[in-house]
Amino acid sequence: MAILTVRNVNKRFGGLKALDDVNLEVQPGTVHAIIGPNGAGKSTLLNCFVGRLEPDTGVVDFDGVSLLGMKPHEINQAGVSRVFQTPEIFGDLTLVENVMLPAFARRDGAFRINGWRPVLSETGIRELAMEMLRDVGLADHAQTVASQLSRGDKRRLELAMCLVQEPKLLLLDEPTAGMARADTNNTIDLLKVIAGRGITMVVIEHDMHVVFSLADRVSVLAQGTVIAEDVPERIKGNQKVQDAYLGGAHL
Amino acid sequence: MTRRTITRRDLLKTSAVLGAGFAAPMIFTRGAMAYTNEPKGATVTFGFNVPQTGAYADEGADELRAYQLAVKHINGEGDGGMLATFSSKALKGNGVNGKKVAYVTGDTQTKSDAARASAKRMIEKDGAVMITGGSSSGVAIAVQGLCQEAGVIFMAGLTHSNDTTGKDKRANGFRHFFNTEMSGAALAPVLKNAFGTDRVAYHLTADYTWGWSQEGSIKKYTEQLGWKTAAAVRTPLGAGDFSQYITPVLNSGADVLVLNHYGKDMVNSLTQAVQFGLRDKQVNGKDFAIVVPLYSRLMAQGAGENVKGIFGSTNWHWSLQDEGSKAFVKSFGKEYGFPPSQAAHTCYCQAILYADACQRAGTFMPSEVGKALEGFKFDGLGNGPTEYRAADHQCFKDVLVVKGKEKPTSKFDVLEVVEVTPRSQVEYPAEMLGGELGPFNNGTA
Amino acid sequence: MIEKHSRRGDLLLLLGFALVVAFAPTIFEPIGGGYPDLLQKFAIYGIFAVGFNILFGLTGYLSFGHAAFLGVGSYTAVWSFKLLTMNVLPALVLATVMGGLFALFIGFIALRRSGIYFSILTLAFAQMSYNLAYSVLTPITNGETGLQLTHGDPRVLDALFGVQHGDGLPSTDLFGMSMSGWSGYYFCGVVLFAMFYVSLRIFRSPFGMMLRAVKSNQNRMNYTGINTRPYTLAAFVISGMYAGLAGGLMAVTDPLAGAERMQWTASGEVVLMTILGGTGTLLGPVLGAGVIKYFENIFSAFNEATLMDVFSFLPETLQHGAVAITGLFVGEGWHLTLGALFMLIVIFLPGGLMEGVNRIKALFRGGLRRGEVRRPATMTG
Amino acid sequence: MDAFVLQILNGLDKGGAYALIALGLTLVFGTLGVVNFAHGALFMLGAFCAVTLQKLLSLEKVTEDPTQLTAWGTPMEIRTPYIETWLGDLGTTLIDYSVPVSILLAIPVMLVVGVVMERGLIKHFYKRPHAEQILVTFGLAIVLQEVVKSFFGANPIPQPAPEIVAGSADIGLLLGMDPGTVVYPWWRMVYLLFSAVVIGLVFAFLQFTTFGMVVRAGMADRETVGLLGIDIDRRFTIVFGLAAVVAGMAGVMYTPILSPDYHMGMDFLVLSFVVVVVGGMGSLGGAVAAGFLLGILQSFASMNEVKTILPGIDQIIIYLVAVAILLIRPRGLMGRRGVMES
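Chains as they are written, first to last, in my numbering: chain A, 1 to 251; chain B, 1 to 445; chain C, 1 to 381; chain D, 1 to 342.
One thing to keep in mind: the hints can contain errors.
Partial chain B-side listing against chain D, Cβ under 10 Å, derived [what the hints assert, rightly or not]: (1) 54; (2) 84; (3) 233.
It is worth saying that the hints were derived from the structure and are not from the lab. Quick reminder that beta carbons are idealized off the backbone N, C-alpha and C, glycines included.
This is chain A alone, in the form it adopts within the complex:
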């Protein structure tokens, strides 16, 4: 059965209908891409998954539990991690601290005063964090302050922060936005490795190169509604999708 089920989700902003009866099913262990032109409602939809926005009507079920009405931290604790369009990291903390923190959140839950034992003594968590940093290739900079990183490295760091939580579902909002080609390719490779570990991913992406290298399945969103859903190869040839993209310049 699907790990993420979205049924008949509607969302209005004033007069604007941002999501119009959206339906979506994400199967466990797959990479599911959501594409669509600007303003199609991709980010709005993603925000409905993580508790940032509440749909007006509809159902969002994750692993058999409704996500509606849950706060962002509760959704994360349920197993959903998110990567933002602009990397959201802890700029004042070191890289290793950035990764240890989500690991603590995984181990200790949403709130626990762990105020006496030094972080230095938390060797298990520390090693886990270092391993994640190695995975994303940042282990050499473990003691650097995160705000010093390049944008691409920040993205890797953010990925490490999500992965250390061993999420059941990883949401990525344009993970390669604003990156140079080399960085993009590195990121794709990294995401492939992650996918290879069987982590379910939902990726919002503009860059079709990224989509077709990664996705097992693609949903196309236009004007707030899903106009097509299929495997990547077939999406390419879909007329409706071509139209939505104005003659398919991107394809």
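Since chain A is already given, all that's left is putting chains B, C and D on it; use the hints.
Structure of chains B, C and D alone, referenced to chain A:
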């Protein structure tokens, strides 16, 4: 006071080791003393604790001037001031008990905590044997309590609340200044002569202990005259704009406004009341009157023209013509170029009275000095015959009723003395205000 | 803020701290600060500022109402002396608890907002406490005069255990050890050291890391599965307990509690101490507290006569000139010096006094630590 | 009824004062992003412009009269203001009008003070954390007030309103009430009018001039305006100068109501911050609305009828309202998301 702790000896060794190049801490060099800060050298140190910052800084500066003058006179410098007119001739102008007087100063900031910290510094670090000064009752009571614990004498400065020598009196504390009870008793007959017995009063009262105490006294004595009290409204300390409290007075039917405010509150509420036309108003066919129970000439200057014709009481005024006052004004004016305030006067007197008591007692030990002050009768310090009552350490003397002068000749000449209410009329039994002196404390030095 | 910390470094820090506390009377004597009251103030305000720094330094939430907890602690302690016993332990425990409870209540409401809105909410609560304590709550607080001991106080525990007090007002004690003078200082010093140690543990713990992360990026915290509100509330309550303890200690060394301890200027003072010393650093708040209290107590004490002494080596005309000029900055002018100091520090040492200390340290190490990063400015418009 | 009308007037009057002080503060917040703890000091400096002018106008020629002696034995001094000897009655009138005339002095002086302050100090703190802005401006405020104290002393210095508006007006007559029931001081009405005019002028300036449009755009989105290549620096300086002038004028005009002393800025500081925050950070309209709201509520809370039911309510009403409003409206009356929230 524990000056001997287990660590002291260890520290002594360490400081001896580290001590090369700087003086050994004073605390370790002191020998055994019979009482806190017993002076061993050629000088004795007084601690002058006055507000140097905050709203009463100018008053504090005047207090400090008076203290410096007093020290000069005690040490035999200058013209001797009121020492010449003082009835006790114990002081010879050669210091006290053969020691020259030195002094240290501190800033009370008109805050209890700061005042106590400053007093503690003078006691613990500078070895002051007596603390004096201050410009508010909260501070006076706080410092008085501290001096009681520390075992030094406290000679209160400007403090007008009954509590200082009433509910919160302490054996080691003495007050020369008058209080709200005396203000009420002194003002009432004058108000009766000026405004009659058929009056309705409206009180605006600063919402803290002194204000309540003042309101209570004035109410008590004016109601004895037959006055009625329309309302007594509490105003927040430092309200600034009092308009919302003044407008209800306009149509309340009251024909007297009593402003139980001091300092900036007094300046502002009076100025604003006059702007609302209260001074020129007619109510019930009578001229509306404003009364400020506690006047301070320094503060009254801040209200400018608005004080004209306003009644109030004061502890002392420089225009008094007795020999003591004349000598003091002359001495102070020569030194600083302007006349002293009542705060300066009371502080000068306190310094002289303390020194005199030490001289008569032949020691600085608080219990002996205290006994020398208790029941001490004197004259020649500007207030006529005065007595330090033994039962509550409060000075009893005549009280001045003053009025804002219509035609001032200089900026210092804002008040005129209307009446000197004799001491017998303002005296009250010591038990009336409650409290307990307790025993003298000489400290355990 | 990055402090490369190691266990050894922390141990040295604690050792140094303990040494300074132990030898403070000798250390501060040459600069005129070696007397019990001032050192007690250093310790007490040090505790206050260290606690404040746990909230402000770590989470970035700027409270302008922490003096309220200090005041509550003082009132509680004095009431404990009046009703229960002159022993300081119950007083301190109760003061800490009451400080914490008040912080829980105010924090619960104020932490619904952030930034300046949070600051103003805390300010509003503290000002309400101050205004009421000064006036209508006088039966509890004794208003302007301040709450103090009287002969008639029941002191039920003392009565129960047959503890006798002399004729005068009783004084505070710890099982017979007097709490004024030097023993009072050493008691405060021990408490300061303990509280500094607790703060160090918190700084180094995962909890401390969480708090720093709140300051850094609260949004990411939420999407990392962390509920930030209880964390900030916990920090708020802990710092409120520190403040309550500090207030209690003030009453221990000097059993009088006044309303002005709760005024906004008092809240502002601890903010200034923390920033002056170095926000978010371990040692900074203690330094800042010391500097401000030193100025308040020592610089204000200079008068014309003492200045004349100081400059007595100069010829007379120069002496008068020097006295006139320095007189502007000491005695009644000590505020001016403090204000100027605030400006100079923040202009030239943006990280507070601790940045100065670190720069000096770096100088000694020959500026080898190139990897060290300047504290990034967290600024949003 | 009369009590009600009077309290409304009191509330408006207070509100005018609060709004006027808060206006400059919120302007500086909104455009420059600076927490200016020295804003109260600007208000105080304005008030002391009035004091200075009065002192200058009444500079006296001192002659000694050896036939009369002071109580301390020096010859009595006879003081006559120079300006009276030079200008005769006109001089007397000038002294009488010193408060309104000092507005003319305050505008250039405060503009210079504001510009120097911004160029010399504030400018360097735009990008610094708020905590450091607070520390440096608080330090500056202390320095300014201590300097004023060393010149003028700590006591309040009376600044009477001109003779012609020194009394009060029976405005109850206009409302058809009995004579003498609603009287209100002329100067307070002048002040209310003055604050209305200044607030109006500031709004008009921001609404109808290009400069104002840029500033408003800057308040809405600082970065974008910066990106447009508009020389924002110079404009910031002018905004700061404007804020200083408004605060200074408010200070000048308030002196007949509140005798100025060196500490008055600190007394107003907390209040003005509360007004600004209740109004919403960086919202001019909010600041004005909050000023009047708090002024009127404070007036009514001070009435005896209210105080007997809720003792001490007048002591805390401002803060209570601030808490209530911030809990109902997270960003004050008219604040925008994201301004000063971290």
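Hints, one by one, checked against the model:
About 7 Å separates the beta-carbon of residue 54 of chain B from the nearest beta-carbon of chain D, less than 10 Å, and the hint is met. For residue 84 of chain B, the interface hint is violated, since its Cβ never comes within 10 Å of a Cβ in chain D; the closest pair sits about 15 Å apart. Nearest Cβ of chain D to the Cβ of residue 233 of chain B: about 6 Å, under the 10 Å cut. The hint holds.
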